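Top line first, the protein sequences correspond to chains D and W. Each residue of the first sequence is one higher than the one before, starting from 16 at the first, in the numbering used here. Each residue of the second sequence is one higher than the one before, starting from 1380 at the first, in the numbering used here.
Treat the hints with caution; some may be incorrect.
Subject to a maximum C-alpha distance of 27 Å in a straight line, what follows is the list of computed DSS-like cross-link-like pairs (lysine-lysine) [stated by the list, open to error]:
#1 K314/D <-> K324/D
#2 K142/D <-> K1550/W
#3 K154/D <-> K254/D
#4 K292/D <-> K254/D
#5 K254/D <-> K1542/W
#6 K314/D <-> K383/D
#7 K1677/W <-> K221/D
#8 K1677/W <-> K53/D
#9 K1526/W <-> K202/D
#10 K206/D <-> K180/D
#11 K383/D <-> K312/D
#12 K325/D <-> K1677/W
#13 K136/D <-> K1542/W
#14 K1526/W <-> K136/D
#15 K53/D <-> K42/D
#16 K91/D <-> K42/D
#17 K91/D <-> K53/D
#18 K1677/W <-> K91/D
#19 K324/D <-> K1526/W
#20 K136/D <-> K1550/W
#21 K154/D <-> K202/D
#22 K154/D <-> K1542/W
Bear in mind the hints are in silico, worked out from the structure with no lab data behind them. Given the structure is predicted, the values throughout are model-derived calculations rather than measurements.
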Amino acid sequence: MTKRRQVLVWLAATALALPGAAMPQKKYDSGASDTEIKIGQTMPYSGPGSAYGTIGRAELAYLQMINDQGGINGRKITLLSLDDGYSPPKTVEQIRRLVEDDGVLFIFQSLGTAANTAIQKYLNARKVPQLFVATGATKWGDPQNFPWTMGWQPNYQSEGRIYAKYVLQHKPVAKIGVLYQNDDYGKDYLKGLKEGLGSKLSLIVKEVSYEATDPTVDSQIITLQASGADTFFIFAIPKFAAQAIRKTYDIGWRPLAFVNNVSSSVASVLEPAGLDKSTGLITALYLKDPTDPQWQKEKSFRDWVEWMKKYYPQGDLTDISNVYGYSVAQTLVQVLRQCGDELTREALMREAASLRNVELPMLLPGIKVNTSATDFYPVEQMQLARFDGKRWALFGEVITGENR
Amino acid sequence: MSDAATTVEFVIPRYAGLSLRAWRTIGLVALAAGAIALPFLVSNYRVFQFNMVLVYAIVLLGLNMLTGYNGQISLGHGAFYAIGAYAAAILMDRFGWPYWATLPVAGIVCFISGFLFGLPALRLRGHYLALATFALAIAMPQILKYKHIEHWTGGVQGIVIVKPDPPFGLKVTPDQWLYLFTLGVLVVMLVIAWNLLRGRVGRAMVAIRDHPIAAEAMGVNSALIKSLTFGVSALYTGVAGALGAIVVQFVAPDSFTAGLSITFLVGIVIGGIASISGAIYGALFIQFIPNFADQISKAAPWAINGVFLLVFIYAMPMGVAGFIRMVIGKLMRRLAPA
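The shape of chain D in the complex, shown without the other chains:
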């Protein structure tokens, strides 16, 4: 009896001394609790970038579905998505509200290169994760200087390198003409292309730029044709890409033409340019374009449509931004699942930097999300596709744009 009691006392003492040993340890930073994970973001719901606002709405809708299914490890996700009007000073204000007043655990998918530049120092100084920023600029994967900032989509430079690889393999004596937008966006692409060409830089015979405010790029196309180029790169936003494709065809120039991913939408670029005039174009893809008929019978696509209809019925079923928002939100859910009960800012960055071969339904088959402590670029693979007059026909292998 006494012996038995002794054992009991000993057991009780041990249990008291090691409260964490019996149950998995729970650790929370501001914004996380047993019932909730609070996240913040800024989105351009108004202002010149408001077309992108649908990304925020799609993400809210996806997290709503997750919450309806019981949340993540029993916790509901609250995404506070605030309008910044695409204006950096407003972004700073809203981010400060989210971090200081609302006490969010981290910032997710704030949109815009300038907006994210404006808050990067602030968030890194406070050690608040700036996760999966919604911009394709190349500077977001810099864990040495900004360990709390991470991008998501393939950046423009790596896409440029992918095109260079293809040209070096399949057309080593190309005479390349480039049309690019005269800002960081266009220059990032051009830089990637040049890096990829490496010692074969002389293949580029002509570079012509346009301003985002120009009415047309007709004269640029004529200049490029006159340069004798037989390979043509279009690094432009949708409106100018459509103009360039049409003009190239209309003046009878028939180069091997490439158009960048941002301007690869069948509905908003190729149709306005003319599907016949777009035939033969090459681009690099990583998401399934919802206007591309080849996906429309797949389960992944039907799941997406079903989710759209149920949770985001006012959303546009032809807008690839809604595929984008859906996929990024899925990546977020994966990171939060990996965090388990350790919902601290440090754990979050650690888990975001330990994504291994994560597959998402609306990424192209074979493309996987991968990160590491030194690789803060989650999606880096793309696949080339040629437009056959109706759809983008994928060809070749999945190519990585990594520069290592």
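Please arrange chain W on chain D, whose structure you already have, making use of the hints.
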């Protein structure tokens, strides 16, 4: 509020035992005490917001001189705001200047550009001037992206500025310090504006607005006054731009779109045309109403914003300042001894 109070004082009317002047002093002291105490009562994020209110108030003060008092409509003050902001950012980032030293430079640069812009604009009146200034606002973001000045402006990426620390080892946060600093600048700018607008120059400005031919006949140098007003107005906006850049710690072309200029014009109309105190009300409106609109609807925040605008204009056609003046006037008539 006192704009309407230049009555001829035969008998000094008393309200609850005190003269109007005493009441006004009490009101100003209370306002000043409240403004100084504010940053210690609210969170740092709110301090930041109120800091932006002060910055906008300086802009609206400057714009009101031009549009309200002098009758020249400008849809381009966002451009001067941008020039001031970039002047401060470039001086701090590329030349290592202390933040406070950049304000006079920003002001002078904007005064010169405003004065020079005002000279040709003299030939333009009303809508034509509005369009000319609007052109400036539209052009500005692209000028800032121009590649040959990129090593200064940072191109599309803009410039990130380091937030200044409080001086003399003061026990306040950087946000509180910047707020108090901005408040000090605002007070100085208010006093200058007050003296300018109450005096000979102010009367000349109003005369040109109301009846340019009569003003010239009275000996007012219309051309000079108009250009100077444009210059001073731009100076105010430039100083505010510099402060705004320091507070936000970032400048980029996207921060200074044409919409910003429109916002400023909305601010003076809502606050009250040709009213000094109106600058504060207008600044509160342009700072807080968009946030409020966003909370109501994510689908169409600007539509909600527009509704607020309509309600304000309909309910207070003379702006908030005019509305308050009217309420005080009614109160005084009721309180005044017969």
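Verification of the supplied hints:
1. K314/D <-> K324/D: holds (15 Å)
2. K142/D <-> K1550/W: holds (24 Å)
3. K154/D <-> K254/D: holds (25 Å)
4. K292/D <-> K254/D: At roughly 15 Å apart (the allowed maximum being 27 Å), K254/D and K292/D satisfy the hint.
5. K254/D <-> K1542/W: violated (39 Å)
6. K314/D <-> K383/D: holds (18 Å)
7. K1677/W <-> K221/D: Violated - the C-alpha atoms of K221/D and K1677/W are around 45 Å apart, more than 27 Å.
8. K1677/W <-> K53/D: OK: K1677/W and K53/D at ~19 Å, within 27 Å.
9. K1526/W <-> K202/D: holds (12 Å)
10. K206/D <-> K180/D: OK: K206/D and K180/D at ~14 Å, within 27 Å.
11. K383/D <-> K312/D: holds (22 Å)
12. K325/D <-> K1677/W: Holds, because 19 Å separates the two Cα atoms, which is no more than 27 Å.
13. K136/D <-> K1542/W: This hinted pair holds, its Cα atoms lying about 10 Å apart.
14. K1526/W <-> K136/D: Holds, at about 25 Å.
15. K53/D <-> K42/D: Distance of about 15 Å is within 27 Å: holds.
16. K91/D <-> K42/D: Distance of about 17 Å is within 27 Å: holds.
17. K91/D <-> K53/D: holds (8 Å)
18. K1677/W <-> K91/D: holds (21 Å)
19. K324/D <-> K1526/W: With a Cα-Cα distance of about 46 Å, the restraint between K324/D and K1526/W is violated, given a limit of 27 Å.
20. K136/D <-> K1550/W: With a Cα-Cα distance of about 23 Å, the restraint between K136/D and K1550/W holds, given a limit of 27 Å.
21. K154/D <-> K202/D: holds (13 Å)
22. K154/D <-> K1542/W: holds (22 Å)
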